[in-house]
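> Work the whole structure out from these sequences, hints included.
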Amino acid sequence: MNPVTRCSGVLAALVACLAVAACGSSSSDSDTGTSVGAVPETQTLTGKTGGSLKVIASSDVDYIDPGAAYYQFTFMISYATQRPLYSFGPDDAVDAVPDLATKAADVSSDGKTVTVEIKPNVKFSPPVDRAATSADVKYAIERGFKSTVANGYAGAYFGDLTGAKAFQDGKANNITGIETPTDTKIVFNLDRGTGGVLAGALALPLSAPVPKEYAAKFDAKNPSTYGVNQVSTGPYMIEADANGKLTGYEPGKMIKLVRNPNWDRATDYRKAYLDTINVEEGNDDTTVASRQILQGNAQINGDFGPPPPVLKQIVSSTPDQLALTPSGGIRYVSLNTSMAPFDNLNVRKAVLAAFDREAMRATRGGPLLGPIGNHFIPPGIGGFDEAGGLNGTGVDFLKYPKGNLTLAKEYMKKGGFPTGMYTGSEKLLMVGTSGGAAQKSAELAAAQFEKLGFKPKLRLVTQDAMYTKFCNTPKADVIICPNVGWLKDFSDPQTMLDPTFNGKNIVPVNNSNWPLLDNEAINSAMDKAELVVGTSARNKAWADIDRQITAQAPAIPWIWDDSPNIRSTDVAGVINKFNGNWDLSFTSLK
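For the sequence shown, position 215 matches number 215 in full-length UniProt numbering, and the numbering has no gaps at all.
What the hints contain is simulated information worked out from the structure, not anything from laboratory work.
Only a predicted model underlies this, so the values are computations on that prediction, with no experimental measurement involved.
Glycine residues also receive a C-beta, built at the ideal position from the N, C-alpha and C atoms.
Hints should not be assumed to be uniformly reliable.
What the hints assert, rightly or not - Simulated DEER-style distance windows between Cβ atoms:
id: 1; residue 1: Leu390; residue 2: Thr46; range: 33 to 43 Å
id: 2; residue 1: Glu179; residue 2: Lys455; range: 53 to 63 Å
id: 3; residue 1: Asp320; residue 2: Ala172; range: 52 to 62 Å
id: 4; residue 1: Ser109; residue 2: Lys528; range: 14 to 24 Å
id: 5; residue 1: Gln313; residue 2: Ser52; range: 23 to 33 Å
id: 6; residue 1: Arg130; residue 2: Ser338; range: 45 to 55 Å
id: 7; residue 1: Leu390; residue 2: Glu443; range: 19 to 29 Å
id: 8; residue 1: Arg130; residue 2: Thr287; range: 26 to 36 Å
id: 9; residue 1: Glu358; residue 2: Lys455; range: 17 to 27 Å
id: 10; residue 1: Lys427; residue 2: Val187; range: 49 to 59 Å
id: 11; residue 1: Lys221; residue 2: Arg130; range: 20 to 30 Å
To be verified - Simulated crosslink set (DSSO-like; lysine-lysine; CA at most 30 Å straight-line):
id: 12; residue 1: Lys457; residue 2: Lys427
id: 13; residue 1: Lys440; residue 2: Lys469
id: 14; residue 1: Lys271; residue 2: Lys48
id: 15; residue 1: Lys399; residue 2: Lys469
id: 16; residue 1: Lys185; residue 2: Lys399
id: 17; residue 1: Lys256; residue 2: Lys217
id: 18; residue 1: Lys146; residue 2: Lys528
id: 19; residue 1: Lys440; residue 2: Lys54
id: 20; residue 1: Lys103; residue 2: Lys119
id: 21; residue 1: Lys123; residue 2: Lys146
id: 22; residue 1: Lys185; residue 2: Lys271
Next comes the structure, spelled out in structure tokens:
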């Protein structure tokens, strides 16, 4: 990733223009040079200790289990309650810092060995009440390969560990490539030289320690129930009873974080100013929820941004309550390439050609929230420029942001439909998110398919259900997912393309390859690119793959997204630039 630690230039300029139009005055601070809503390069990380913060959310986390969590909102919780080997401080979206680890990982010259030293006195919350060891990290990563946990990225980033496949297939009782010579040292041995990628992935929640003697009985169930019995190593824990059973979690309703009594401030870079954090879920009307935050006390947004009319009002009236954050991500409409009619490449190209991506972007706030996407590596990530940058990869079916129906019909004819219109009578299952801007995006997307004669059957559900029950589950046979999006896992272009378009990463549960793309040439190119070392070489290799994926038209990229975050006036909010939302471990009350 390009180390941009403030609002992207495109976004900042657009916000400035809007503010000038609304207020008739300059939108920039003459002393700092920053634009309205832009997160400063260096945030104020000091704050007042104490108090309770309310996080307003529209839906639930994807998985409460940190070993399965793979959703931006869930990471917001996970990084406050768990301590992976590495994590990202608020101001750096590129370089992770040691968390449970004592220093940077040591990667061997051949990339086949990664060694990490860990801190000796980081304790689990009750009822475990002991120091975490290297064996706990080993078990945490191993459980990510268990079908009862079904981590969504273990295969992509940890799949080259010696013995990982045997363990996943039930032929071994542990991953032999993970060694724990001492309680404070862990060694990862790989069959291929992908140690640099594995080292980057150690900043994901999967590397947070899990005590086997406590968790194994929960992991033996299918699905695992460890999530609702979890223990923490971070400054906060989800409120639980004396046996570890969560009392502070009601799916779809609330999550309550309290201080972890075993957390030692001396071992952690986090500040943890707040005493309690109450996540209030189920706020479907994001207009009402946004106004509640803006007009209330001690509140921030969780899994949603303010809808376009509210966002414009904030920019013109209360810009100090807004934090616009480059997400390093993209939103797209995925097409199920394994099922008719989208197993036909020319039909997919036709859909992309017809799609009005400019109108889709308007459902989220228009140019204010980022440029229209036309490939899958976003701005600020290595490989973006090499793949074509804002101009795109050169394919004609993504040349027209407002769509080109004439071109679309030509592709339909090539796909076997002589009139240029789809003639099938079946209804295509399309699962989108209910409420707010996401629902408007889904409804508009449905209309785009109808232009070519398709008959989408739009089903609207909560955002967590859209992912976990439908789009992340191949057997659900969803044909179109209009509300999916992807953020980087760490600062490398592989994280934008490998989990999402590599056929080897299609899994039955918690699947992130939503188009179910399984293209032999692309899979092979990824296998080779995973071994490439050096920033320039990796950027080029993954940019080439980005072009290959775009040519296959597995999804409709429609915005390279920036995240609008809002807070009450009495909240000293701190953004985590890696995750693109509020950092609960640094945010405080004024």
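> It remains to establish, for every hint, whether it holds in the given structure.
Hints versus structure:
The supplied range of 33 to 43 Å is met by leucine 390 and threonine 46, whose beta-carbon atoms lie about 38 Å from each other. The given range of 53 to 63 Å is respected by glutamate 179 and lysine 455, whose C-beta atoms sit roughly 56 Å from each other. Checked against the given bound of 52 to 62 Å, the beta carbons of aspartate 320 and alanine 172, roughly 56 Å apart, stay inside it. Between serine 109 and lysine 528 the CB atoms are about 20 Å apart, so this pair conforms to the stated range of 14 to 24 Å.
For glutamine 313 and serine 52, the Cβ-Cβ distance of about 27 Å falls inside the hinted range of 23 to 33 Å, so the restraint holds. Arginine 130 and serine 338 have their C-beta atoms about 47 Å apart, which keeps the hinted 45 to 55 Å range intact. Distance hint check: the CB atoms of leucine 390 and glutamate 443 are about 28 Å apart, consistent with the given range 19 to 29 Å. Remark: the range hint 26 to 36 Å for arginine 130 to threonine 287 is contradicted by a beta-carbon distance near 47 Å.
Between glutamate 358 and lysine 455 the C-beta distance comes to about 24 Å, which sits within the given range of 17 to 27 Å. Distance hint check for lysine 427 and valine 187: the Cβ-Cβ separation is about 53 Å, which falls inside the suggested range of 49 to 59 Å. One distance hint, 20 to 30 Å for the beta-carbon pair lysine 221 and arginine 130, holds here, with the actual separation near 24 Å. Of the supplied pair hints, the one linking lysine 457 and lysine 427 holds, its CA atoms being roughly 6 Å apart against a limit of 30 Å.
Only pairs whose Cα atoms come within 30 Å are accepted, and lysine 440 paired with lysine 469 is accepted, the gap being roughly 21 Å. Between lysine 271 and lysine 48 the CA atoms are separated by roughly 10 Å; this keeps the pair inside 30 Å, and the hint holds. Under the criterion of a C-alpha separation no larger than 30 Å, the hint pairing lysine 399 with lysine 469 is inconsistent with the structure, at around 34 Å. For the given pair, lysine 185 sits about 52 Å from lysine 399 by alpha-carbon distance, which is inconsistent with the 30 Å threshold.
Between lysine 256 and lysine 217, the direct Cα distance comes to roughly 25 Å. Compliance with the 30 Å bound is thereby established for this hinted pair. Among the hinted pairs, lysine 146 with lysine 528 is consistent with the structure: their alpha-carbon atoms are about 26 Å apart, no more than 30 Å. For the hint linking lysine 440 to lysine 54, the alpha-carbon distance of about 27 Å falls within 30 Å, and the restraint holds. Distance hint between lysine 103 and lysine 119 is fulfilled; the C-alpha atoms sit about 9 Å from each other, no more than 30 Å.
In summary, the hint linking lysine 123 to lysine 146 is supported, as the alpha carbons are separated by about 25 Å, within the 30 Å threshold. With a CA separation close to 26 Å, the supplied pair lysine 185 and lysine 271 stays within the 30 Å bound.
Violation of the numbered hints given earlier is confined to hints 8, 15, 16; the remaining hints are satisfied by the structure.
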